[in-house]
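J.: Quick mapping for you: the protein sequence lines, in order, are chains U and C.
Per this note's numbering, the very first residue in the first sequence carries number 406; after that it's consecutive.
Per this note's numbering, the very first residue in the second sequence carries number 3; after that it's consecutive.
Worth flagging that the hints you see were computed from the coordinates, not collected in a lab.
Accuracy of the hints is not assured; some may be wrong.
[To be verified] Straight-line Cα separation of at most 27 Å, DSSO-like style, residue types lysine-lysine; simulated pairs:
hint : chain 1 : residue 1 : chain 2 : residue 2
1    : C       : Lys482    : C       : Lys395
2    : U       : Lys621    : U       : Lys537
3    : C       : Lys395    : U       : Lys704
4    : C       : Lys374    : C       : Lys409
5    : U       : Lys426    : C       : Lys170
6    : C       : Lys395    : C       : Lys453
7    : C       : Lys453    : U       : Lys704
8    : C       : Lys383    : C       : Lys482
9    : C       : Lys453    : C       : Lys482
10   : C       : Lys383    : C       : Lys409
11   : C       : Lys383    : U       : Lys426
12   : C       : Lys374    : C       : Lys482
13   : U       : Lys426    : C       : Lys409
14   : U       : Lys621    : U       : Lys704
15   : C       : Lys383    : C       : Lys453
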Amino acid sequence: MDARERVLALGLPGRRDEYWKYTRPESLTDPEVARAAVLVPYEATLFDSVDRLRIVFIDGVFAPDLSDDLSLSGVHVERLCEVSRMDIHWASELYGVLEARSHSPIARPLAALNTAYATDGVMIHVTEKATKPVNLMYLHRSETSDAILHHCVKLEEGADLTLLETGPAAARFNKSMEIDIADGAAFHHVRAQGRDHERRAMTHTFARLGRESVFKSFTVTVNGVLTRNECVVELVGPDAVAHVAGAVVGDGEFHHDDTVLVTHDAAGCRSRQVFKKVLRNGATGVFQGKILVRPGAQKTDGYQISQSLLLDDDAQFYAKPELEIYADDVQCSHGSTSGAIDEEALYYLRSRGIPRTEAQDMLVLAFLAEAIDEIEDGALARDIVAAVEAWLGRRRG
Amino acid sequence: MDAFEGTQVKEGVEEETVQAVKSLAGKYKHGWTTDIEMDYAPKGLNEDIVRMISEKNGEPDWMTDWRLQALRRWNGLREPDWAMVSYPAIDYQDQYYYAAPKAMSEKPKSLDEVDPKLLETYRKLGIPLREQMVLAGVEGAGDVPAEGRKVAVDAVFDSVSVGTTFQKELAEAGVIFCSMSEALREHPELVRRYLGSVVPVSDNYFATLNSAVFSDGSFVYVPPGTRCPMELSTYFRINAENTGQFERTLIIADRGAYVSYLEGCTAPQRDTHQLHAAVVELVALEDAEIKYSTVQNWFPGDEEGRGGIYNFVTKRADCRGDRSKVMWTQVETGSAITWKYPSCVLRGDGSQGEFYSIAITNNVQQADTGTKMLHLGRDTKSRIVSKGISAGKAQNTYRGQVSVHPKAGDSRNYTQCDSLLIGDSCGAHTVPYIEVRNNTSRVEHEATTSKVDDDQLFYCRQRGMDEEEAVALVVNGFCKEVLQELPMEFAMEAQQLVAISLEGSVG
Numbered sequence: 406m407d408a409r410e411r412v413l414a415l416g417l418p419g420r421r422d423e424y425w426k427y428t429r430p431e432s433l434t435d436p437e438v439a440r441a442a443v444l445v446p447y448e449a450t451l452f453d454s455v456d457r458l459r460i461v462f463i464d465g466v467f468a469p470d471l472s473d474d475l476s477l478s479g480v481h482v483e484r485l486c487e488v489s490r491m492d493i494h495w496a497s498e499l500y501g502v503l504e505a506r507s508h509s510p511i512a513r514p515l516a517a518l519n520t521a522y523a524t525d526g527v528m529i530h531v532t533e534k535a536t537k538p539v540n541l542m543y544l545h546r547s548e549t550s551d552a553i554l555h556h557c558v559k560l561e562e563g564a565d566l567t568l569l570e571t572g573p574a575a576a577r578f579n580k581s582m583e584i585d586i587a588d589g590a591a592f593h594h595v596r597a598q599g600r601d602h603e604r605r606a607m608t609h610t611f612a613r614l615g616r617e618s619v620f621k622s623f624t625v626t627v628n629g630v631l632t633r634n635e636c637v638v639e640l641v642g643p644d645a646v647a648h649v650a651g652a653v654v655g656d657g658e659f660h661h662d663d664t665v666l667v668t669h670d671a672a673g674c675r676s677r678q679v680f681k682k683v684l685r686n687g688a689t690g691v692f693q694g695k696i697l698v699r700p701g702a703q704k705t706d707g708y709q710i711s712q713s714l715l716l717d718d719d720a721q722f723y724a725k726p727e728l729e730i731y732a733d734d735v736q737c738s739h740g741s742t743s744g745a746i747d748e749e750a751l752y753y754l755r756s757r758g759i760p761r762t763e764a765q766d767m768l769v770l771a772f773l774a775e776a777i778d779e780i781e782d783g784a785l786a787r788d789i790v791a792a793v794e795a796w797l798g799r800r801r802g
Numbered sequence: 003m004d005a006f007e008g009t010q011v012k013e014g015v016e017e018e019t020v021q022a023v024k025s026l027a028g029k030y031k032h033g034w035t036t037d038i039e040m041d042y043a044p045k046g047l048n049e050d051i052v053r054m055i056s057e058k059n060g061e062p063d064w065m066t067d068w069r070l071q072a073l074r075r076w077n078g079l080r081e082p083d084w085a086m087v088s089y090p091a092i093d094y095q096d097q098y099y100y101a102a103p104k105a106m107s108e109k110p111k112s113l114d115e116v117d118p119k120l121l122e123t124y125r126k127l128g129i130p131l132r133e134q135m136v137l138a139g140v141e142g143a144g145d146v147p148a149e150g151r152k153v154a155v156d157a158v159f160d161s162v163s164v165g166t167t168f169q170k171e172l173a174e175a176g177v178i179f180c181s182m183s184e185a186l187r188e189h190p191e192l193v194r195r196y197l198g199s200v201v202p203v204s205d206n207y208f209a210t211l212n213s214a215v216f217s218d219g220s221f222v223y224v225p226p227g228t229r230c231p232m233e234l235s236t237y238f239r240i241n242a243e244n245t246g247q248f249e250r251t252l253i254i255a256d257r258g259a260y261v262s263y264l265e266g267c268t269a270p271q272r273d274t275h276q277l278h279a280a281v282v283e284l285v286a287l288e289d290a291e292i293k294y295s296t297v298q299n300w301f302p303g304d305e306e307g308r309g310g311i312y313n314f315v316t317k318r319a320d321c322r323g324d325r326s327k328v329m330w331t332q333v334e335t336g337s338a339i340t341w342k343y344p345s346c347v348l349r350g351d352g353s354q355g356e357f358y359s360i361a362i363t364n365n366v367q368q369a370d371t372g373t374k375m376l377h378l379g380r381d382t383k384s385r386i387v388s389k390g391i392s393a394g395k396a397q398n399t400y401r402g403q404v405s406v407h408p409k410a411g412d413s414r415n416y417t418q419c420d421s422l423l424i425g426d427s428c429g430a431h432t433v434p435y436i437e438v439r440n441n442t443s444r445v446e447h448e449a450t451t452s453k454v455d456d457d458q459l460f461y462c463r464q465r466g467m468d469e470e471e472a473v474a475l476v477v478n479g480f481c482k483e484v485l486q487e488l489p490m491e492f493a494m495e496a497q498q499l500v501a502i503s504l505e506g507s508v509g
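Only chain U is shown next, with the shape it has when bound in the complex (with noise of 0.2 Å):
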């Protein structure tokens, strides 16, 4: 069945779909595109002291000028619609495979919708440990801009990459990036979803990881009318490491959803997920979070903590931590909670002289940090704080 004929079978998905509960999907999949007003972004200025290659798309569009030059020792890029024939390209086991074994036992029809449609994308193909991140910079221009982006990634054995991506991209955005990490082989994923208000996204991360390979996903969403991240990893390798860490910051008009599966199918891997969210001024945050351990899967380990800060009344929080385990050697939990900022905390430094809003966005920064300390190089997590620092001195000024 191709990714076409799913999206048939799979149908979109409706306000009834038990899987989005908390979100409603329609202005995801509506003939019309909502319009977004184009902001300056905060965030263009994100990462500028890190040495790495820039790819870069305007509203979903390859653009060669903006871009560094594609060559970079032990990673070969292409763009996908410049791969003359998927059908011998090493592609061709990934594009659409890992969504397509995405759908049971729910079904992601807008990742099918994606496969099926996408008009650009990069196919990243690492065969050693990168000398410098790539970076994806999606750039926002027109307001009624609707893109569609699919990007594969393929680690070789040892192989080590880091992925950044920042921007807003579109007034509405479906994005799909499936990644195949190979044994022993590590990715490394820092995102940061852009500033403008009114944009919409959509976007599905499909990982699979070999023996003792790492995963370590990080994203930073501030602002957008409405945003799906979902996360598809699954554990085949044994003593396999995946991470998947959000920090959100969420104020007025603002839907945020976080929706992730860890499946642990080979014995000794550890998973990890961490979500915070902070929000105010009538922002919702969604979290579908879960653990699946499928039989046989023994000695693993999987954590999960979603938190959120509620900033005023008007905030709500939704959270369905799952797990789901059918091997009994296993140490799993979850955790999740919701509630204002500590009034004590607060005092403590309005005691010391701080002013009642620079106290509470540096008790927002340190309920952040354990998500941001997720990020494992330094230079990365110091941009990130400095941009949610930036964006809170903003909302203040």
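Add chain C to chain U, keeping to what the hints say.
T.: Same frame as chain U, but now just chain C:
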């Protein structure tokens, strides 16, 4: 301390184990049947059957209409499939919806007129019904005060309530404790005001079915400011074959009242599955408190999954008054399939809901159970402690919802779900839904899944316990937080049940 507890449980286990081995029937000690002549309604479900059940109970017209409306609604409903349980399709037309012991067609005036075989049944169930009757003086010795701790019992045998003890003493305190059919005759205004007000006819597939065909159950009303002088208890027993049991329980605690209610259930060993779809409604008015404890020990089916009860139960408490409190405690060890979510609607300001649960599944049992805490009033509190134990090839799911309404400011929830796995072919799952819609409330949820700790087992075995005893001890320790919430008599029974339910799960 550990060693002391160890000996206690060890004795219990040994005794129970010996019993189990002796019993030819296998591992389920309540697996006998009683050969009693029964009155059946014809198989199948239609309006005539519903009318017949209503007529047999001598119900008023509004009740018959209420049932018929439920049936009509049910005909248009689809069986829910979201729970993590699987079973072959149930043929609802291939069931008896009414079965009553023939001897009960004429209501006995005292328990002496009850079929002695029935009383034998209760003796086997371990209910000191007859003894209590003597103590309570039903046979004319009503003035003799009862000694020790008293428990009033209502026993439901297949579809019919066959005897309620201590009615006189309860009546003196103003407490009404009787069968539902009697309540419909004697206190129709109370029943009419509260029946279906917590679990409406339209609530869900099984509750709607129950509304149409329930034949009996227990009714409790505790008047304002009254502390019910004794614990109330209902024992349910399914005896007849191919018979669904649909009982309906309604408990109302008026302002400032307190009542503690215990529920126990068993069924004979049959090769075919039997359907049990009960509805329990609790209403707590201002400052009232209801404590509801269940030890569910329906026949779970054999090792291959032949037979066993399908237990599809809707239980809900409405904390209608300010500062009211409801506490659910359940020990679920039986049933082939358990589908049960005792819930609390925390409507009154400052009301509290608590849920303590132990669910044990062994062999091929499946349980999907949990709770719902709906915080609607200000300053409401809820606490959930769930312990799931899965062994053999069983699947055990905790499914729960905590929902905090925007107006439910300053509310508090704490949820803890722990799962224990014994053996590598069972499953343990946690599916919580958390919905928070204001920021003055605090909601916390934590869950863990692990196996029985090898070090603990080693420690026990080193002290001379065999593996089965050691597992039972560790599991009892794991369940302690819930066991200690149970009333005394139930706690002892539950502790032994924990051990017996896990027999054959190790080694």
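J.: It remains to establish, for every hint, whether it holds in the given structure.
T.: Hint-by-hint comparison with the structure:
| no. | hint | result |
| --- | --- | --- |
| 1 | Lys482(C) with Lys395(C) | holds (24 Å) |
| 2 | Lys621(U) with Lys537(U) | holds (17 Å) |
| 3 | Lys395(C) with Lys704(U) | holds (19 Å) |
| 4 | Lys374(C) with Lys409(C) | holds (18 Å) |
| 5 | Lys426(U) with Lys170(C) | violated (52 Å) |
| 6 | Lys395(C) with Lys453(C) | holds (15 Å) |
| 7 | Lys453(C) with Lys704(U) | holds (11 Å) |
| 8 | Lys383(C) with Lys482(C) | holds (22 Å) |
| 9 | Lys453(C) with Lys482(C) | holds (17 Å) |
| 10 | Lys383(C) with Lys409(C) | holds (14 Å) |
| 11 | Lys383(C) with Lys426(U) | holds (25 Å) |
| 12 | Lys374(C) with Lys482(C) | holds (22 Å) |
| 13 | Lys426(U) with Lys409(C) | holds (21 Å) |
| 14 | Lys621(U) with Lys704(U) | holds (20 Å) |
| 15 | Lys383(C) with Lys453(C) | violated (31 Å) |
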